[in-house]
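There are 6 protein chains.
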Amino acid sequence: MSRQFVNQLGHKDAVSDVFIASDKQLRPNRSGNLYLQVELSDRTGAISARMWNASEAVYKSFDNGDYVRVEGTAQLYQGAMQLIATKLARVDPQEVDEDDFTPIAQVEVDKLVVRLGEMLRGMNDPHLQNLAECFLLDESFMTKFTRAPAGIKNHHAYLGGLLQHAISLMDVVQRIGPCYPQINRDLLLIGAFLHDIGKIDELGYDREMVYTDQGQLIGHIVMAVGMLEEKVREAEKLAGEPIPEETVLRIKHMLVSHHGEYQFGSPKLPMTLEAVALCFLDNLDAKINAFDLLMSEDPNVDSPWTHYHPNINRKLYKGKPA
Amino acid sequence: MSRQFVNQLGHKDAVSDVFIASDKQLRPNRSGNLYLQVELSDRTGAISARMWNASEAVYKSFDNGDYVRVEGTAQLYQGAMQLIATKLARVDPQEVDEDDFTPIAQVEVDKLVVRLGEMLRGMNDPHLQNLAECFLLDESFMTKFTRAPAGIKNHHAYLGGLLQHAISLMDVVQRIGPCYPQINRDLLLIGAFLHDIGKIDELGYDREMVYTDQGQLIGHIVMAVGMLEEKVREAEKLAGEPIPEETVLRIKHMLVSHHGEYQFGSPKLPMTLEAVALCFLDNLDAKINAFDLLMSEDPNVDSPWTHYHPNINRKLYKGKPA
Amino acid sequence: MSRQFVNQLGHKDAVSDVFIASDKQLRPNRSGNLYLQVELSDRTGAISARMWNASEAVYKSFDNGDYVRVEGTAQLYQGAMQLIATKLARVDPQEVDEDDFTPIAQVEVDKLVVRLGEMLRGMNDPHLQNLAECFLLDESFMTKFTRAPAGIKNHHAYLGGLLQHAISLMDVVQRIGPCYPQINRDLLLIGAFLHDIGKIDELGYDREMVYTDQGQLIGHIVMAVGMLEEKVREAEKLAGEPIPEETVLRIKHMLVSHHGEYQFGSPKLPMTLEAVALCFLDNLDAKINAFDLLMSEDPNVDSPWTHYHPNINRKLYKGKPA
Amino acid sequence: MSRQFVNQLGHKDAVSDVFIASDKQLRPNRSGNLYLQVELSDRTGAISARMWNASEAVYKSFDNGDYVRVEGTAQLYQGAMQLIATKLARVDPQEVDEDDFTPIAQVEVDKLVVRLGEMLRGMNDPHLQNLAECFLLDESFMTKFTRAPAGIKNHHAYLGGLLQHAISLMDVVQRIGPCYPQINRDLLLIGAFLHDIGKIDELGYDREMVYTDQGQLIGHIVMAVGMLEEKVREAEKLAGEPIPEETVLRIKHMLVSHHGEYQFGSPKLPMTLEAVALCFLDNLDAKINAFDLLMSEDPNVDSPWTHYHPNINRKLYKGKPA
Amino acid sequence: MSRQFVNQLGHKDAVSDVFIASDKQLRPNRSGNLYLQVELSDRTGAISARMWNASEAVYKSFDNGDYVRVEGTAQLYQGAMQLIATKLARVDPQEVDEDDFTPIAQVEVDKLVVRLGEMLRGMNDPHLQNLAECFLLDESFMTKFTRAPAGIKNHHAYLGGLLQHAISLMDVVQRIGPCYPQINRDLLLIGAFLHDIGKIDELGYDREMVYTDQGQLIGHIVMAVGMLEEKVREAEKLAGEPIPEETVLRIKHMLVSHHGEYQFGSPKLPMTLEAVALCFLDNLDAKINAFDLLMSEDPNVDSPWTHYHPNINRKLYKGKPA
Amino acid sequence: MSRQFVNQLGHKDAVSDVFIASDKQLRPNRSGNLYLQVELSDRTGAISARMWNASEAVYKSFDNGDYVRVEGTAQLYQGAMQLIATKLARVDPQEVDEDDFTPIAQVEVDKLVVRLGEMLRGMNDPHLQNLAECFLLDESFMTKFTRAPAGIKNHHAYLGGLLQHAISLMDVVQRIGPCYPQINRDLLLIGAFLHDIGKIDELGYDREMVYTDQGQLIGHIVMAVGMLEEKVREAEKLAGEPIPEETVLRIKHMLVSHHGEYQFGSPKLPMTLEAVALCFLDNLDAKINAFDLLMSEDPNVDSPWTHYHPNINRKLYKGKPA
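Residue numbers (my numbering), protein chains in the order written: chain A, 1 to 322; chain B, 1001 to 1322; chain C, 2001 to 2322; chain D, 3001 to 3322; chain E, 4001 to 4322; chain F, 5001 to 5322.
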């Protein structure tokens, strides 16, 4: 029998399968009785689970990030699917197929990395090629970069999401390059690659996805500039000659301005064509990914509309079946 | 001897060539003496000219929209080039080469129109093909659509600019289509074609480019919906069957929401993937065109920066020569 | 014995009367037991009802929009009155007095329609009279116009509310006409009549009040312009002569700008005296109606203050009994 | 021969008439030569005048606020009419007809004051009647109230404008009273009377119209509350009984909230029906007066549009001649 | 045995102690059973308590503001500590130690009052000294001023908070005086003393802390100006000579502008150096007090971060134990 | 005879003295004649000068940043003092007294540097002492830090202004330290020292004060973080032990958040007590300096008000002479 994926669970479905646990809490209800609340996820999404009348023993029998086998029933509650668990037990990681729990299978990640290398090595500017190589050769960087999500909520918020977002953006850049000859394609391409690298340390994603302390206090925009400066030093040492100041400045400016407006935490507005293009294309890729997910995961399956999302100040129109 | 184009005039250059006149005014200076002020343009841009101690006779010797031969001297004044005219006389349209005065030569317009037809006929949805055909067959519409600018100021603000903007946007849509399979490419393509059609009547561009009364009181967004409704009726009559209501609704929604935010006069926020994509890509195409122009026309040739532009709240970085 | 109206129900009152059902839902509570939730309304307002331990049989025994007889108890819960139902059964529409369920009795609606005709026929401008007549003669239009609410929430949010709002506004226009001779009273009067007509299709109000798909995607402002254009064509055919372009433009402009500010979804700011006046008077009539309702329906009867309403960013002062 | 009023001066008209001088300045031009600049006004408006090569003697020969006879020529300069003066001499106030210099003739003011008394004495609430009487009996107050403008720029910005604005607003209140029975008409009427009384000391208007120091540092809203408190004490002493606290509170609240939004310097948002109504009606009366003036005084007589007014972020549509 | 203070209660602690009751409510739960909800406080903070299956007898056995002895258990519920009460009975005020219930012990208040007098009498300007004396001598004023909180929520929201905030601010003013010789230290000092005095009547704090009606309708800023005007009259009578108008104006301006921006309900922006300084220092003192409290009272003791506070749009960083 | 300082020049004063030239431009007037425009400054301020009918020879006879002897006349033009020059010649730097041209004399700078060292060495945290020492020992840094202005316009916009602003802020921090024991005084002190160090490279101030390219594209906030990181590495090498990560994080956070709000280009909001305090005190020091200057330099000497300053959206009240 095949696996029950989170995004396939329907109202009143009996559930018996393995998930990753996170954010476990032992909480009293209004009357003082304890219950266990825990997030369960696989590669298709996450669902909130509750186990009534739970003991501290159950609570302590597993850690956040563990694989757990859960038995219970799915049920729609206040517009969202939740799981009423009756049994929950830790499972040996050896027994599970990791690909069920990573939105992008390893083989897919490997392909994306190959693609990344091809695109970066396809740049014409030898300075940028050299700089890109320093990132590609940095194993610690690449491990994080291929594993990090692009956010906690919002767009590409899953392991591998950052890589997928960067590749998608770079692909778009390559395709529309001929439309805008006044844009330096190489600069925009490396900007698409590097614009969000600060997120590899802004976020923690070892077991559960969280903001790190420095992520919250400093932010990925400022952190990315430091990472770039370090790699520029390496690249110049490697090449034995400096990267033109102008080139470095233009890359930094893309990093610093890619949120596009002050109100979104951008310390600078885009002032070069590449920075302007990066800002709109980043927005395009992020919003299409995010809105598509909001539509496909909307629990309100009978309606052509998603429910109202306050952070984007609107409902989305899923449309009527043809 | 070849023509002196507006964008080639340098400080102290002697000028003797033909331009289109617009916005002529006979004005007194502080001391009460009359001078003539007039905008002169060719396909590369426009320049403000003044003729000191001008008489009413000169003022009445030509109309806005006429070709005039001007003699005088170019000079940099308060950061902008202007022309001090000493002679100015009407010229017979027969004597001029029209292509010097249209940013896009007729042969180029013809190519763009062919391109437009190809792209629209390449759509898979027969309803949309049929609808598009009704626009293409409407001579009065096409005459305006291929001649109109995309604005008075800002982006693509020249004859043929609207067509060029639409084609450029449609080209981008076709290229990035494969990156976003969740987007209905045909819908987005026809959205790119139609989003600004209201501008053919929002603007007047017969002799000079102005806002029409209905353009200012109603606006191209609302006007475009009326044009679409009319063509939908035609297309349905032609095909003998209705276009699905859902399809028409989704196109209208793209028209109505493509400014993206209430503060930019958008009565609705984008609520479908196609509307979201159209909004960002329209912005990309418009801003790249506009900023590129601000940079290339910046009179401050010695500085890597343009002067400050209040409407975009920033200077732009033109960069240093390599 | 007289009817128990919704707005007269007090804490712990036993209830046994007929209401209109809407938005019925069969929902599990935290423990997984099903309960029925349903909105009950009559002409004085709406109340949320719950029936514990409800079966699917009960849920299926009536439809949204049906009349149902309900037995149970009213109770104040978290600042709002709700009804705990113990019995609920469908009732034959023949047995009920429709006037108990429409905020405005039919006889009252009839009077308002007469009033509408009188005011419109009292205009001096024959073009406007003719145009108005085309609306009055359109039975399908009038059926919707006299039945539609003016909104889902906010002001005049009940069947007949749109008509009542229009009449109230037209009444104000007639009264203050002499104060502002520089305003064209006829134009303002027809603007008051037509400004919200888009709502007859923006909203659905057959059984329950909802936004239609086109209402959400296009909006009543843009929709109203299309309705007006159609009627202008009819009126011109009827009269055998065109309505002056200027007149049509000024009416359209009132429709398009009556929300007054971009942030409220107005694609244009008011630029004529009539548009300015319409905007302020519409706001006056809407806000007085809305705030008056918030005060009179505030469940917090012991306090001189209503509770805080986030959408208007304030509490309202009901005052102290004299 | 009849007087040449400011609003009748056309381009190139020879001028020889008497005006009130204000804001006189002796200024050097770029080359260091002195010229005299001075505002000239009569009851129809104001015009800026310049006298080239003026001496200090001329400058000292009159004071701001004096009547001066001016000879010269009117001329359109940068979209505004100005006057090039060749002669300028002080005139004895005895020789002029004061009514030429006050927008509202004294006989008209007298009528308005009678009207004010009638409306206030027509209130049903004896407390409010008594309070109003204390204002009407205060000669010093009434002198200022009947003479003050309602602003320096914007609406009703002329001597007598405050009175005219108050009466106009009170008239509207009386007319629409029957439309809104839930509003306390007496409260709203006295609110219309008192809402701007702080302006009698916020502005100075003895010779020229200026903001006073306390006007700028404290503002008419806060100042009005102090005036009201003083009159409440007087009224209570006079009547020998207190005005109900609730009544005073509601009047104060109208004064304090009538600007409607924080961004317009309103320390409170309107929270009673009377305050809400006052805010919209005040806005209506002020904007109709202001926009009407912008249209009728627009120097651009050939265009259906006024020029762009940055403070209202729009042009206004004057329309085409029928 | 020593007292159990609110801020020391931990999850599952048995509680048996005396608190002040406020905001008592008898409410039905979803199933219609009644429970009692009441706020309990002492000088260290407040906690929400619930007593299940409460009778009306219990509800009526005490009033808001009474001392009550409570038995029950503390428990963490949805991120906040609450108290499940099993017994609750009124206690004679004689039996309690008042200092346990006032955040600032009386002896501490007395010291602050002495400090206040010293600082005010240390001013060099005799007019200001005299004016200050009139406030200090007004017993009714001083009783309120030393007892009032500085707010309901936010900063210094406890009895005595207003006094503490004023003294803290005055202390800062005295310390940094020498850094800014261009600021009139006496003016700034009396501004620091008076800026929030309107709060003594804007708030009620007899038994529970609430906004008064006039507090909500008029606001402490406008109310403070009236209080100042009254004391100026007294001081002038006392001294037999007027306080310079300029001085009074500058104090009023500080009161009127100390919120610094229109959006915070400030009718005027700071336009003198003293008003500018007061605004920033008031903000500093208020925010340090408020944020410090948010951190120290954050229930999330294991995290270096407080939870997200929507009103300040951020989390706060408490930091990691050294 | 003593020097004529810029801030002492009055209308019609004959001028013959030495100034620093900057921003020289040779410009045609409307009629095409050339004139020279140049900024002249000394330590008390700057004045714009014009020399009519200037030749290219004069223009080339000096460079921006040179000392020039100027003869001519001061004159008030459009509310600002300007200088009409008749003669202008380069002067040997040897002949001038440098202290006349630096707002802070060298001896004063030396004192401030001593003061800086004392305050930093007075910190209790050895890590912070060590870090500070690395900055103090870096000659290249200190040369720039003691010479840089704190801005181009706005506050402390003169050579030495950055140092003066830092010292003033640190002084305030030390004085109010005892008022807020919950604030880490050492952290706040080093934050006050470092918060604006990015300005040493954001601005160029060798001859004239300008924004550098990286200053405009990256900004001092992001640049400061890079400087800090470098010095942290040095300090850790020097001390042979790491500075606690928490400490570095808290300093970085102060740099990154000190603009306080997103709209002012702050990528993060202040989330620690030290960051909150730094933001308000920085604002206090900057605004008092800036507003004080606007008042003392206001050319409108007869008025108690400065003219309107659009960037701060207000006039300032200078007050009346006692």
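Treat the hints with caution; some may be incorrect.
Calculated cross-link-like contacts (lysine-lysine; reagent style BS3-like; alpha-carbon spacing at most 30 Å) [to be verified]: (1) F:5320 / D:3153; (2) B:1111 / B:1315; (3) E:4237 / C:2315; (4) F:5318 / D:3153; (5) B:1012 / F:5012.
Because the hints were derived from the structure by calculation, they are not lab data.
Pair hint residue 4237 of chain E and residue 2315 of chain C, alpha-carbon separation not exceeding 30 Å: Not satisfied, since the Cα-Cα distance of roughly 41 Å exceeds 30 Å.
Hint consistency between residue 5320 of chain F and residue 3153 of chain D [alpha-carbon to alpha-carbon, up to 30 Å]: Holds. Residue 5320 of chain F to residue 3153 of chain D sits at ~25 Å (cutoff 30 Å).
Distance restraint between residue 1111 of chain B and residue 1315 of chain B, which requires alpha-carbon spacing of 30 Å or less: violated (36 Å)
Satisfaction of hint between residue 3153 of chain D and residue 5318 of chain F, Cα-Cα up to 30 Å: holds (24 Å)
Given hint residue 5012 of chain F paired with residue 1012 of chain B - CA-CA distance at most 30 Å: violated (35 Å)
Violated hints, listed in ascending order, are 2, 3 and 5; each of the other numbered hints is respected by the structure.
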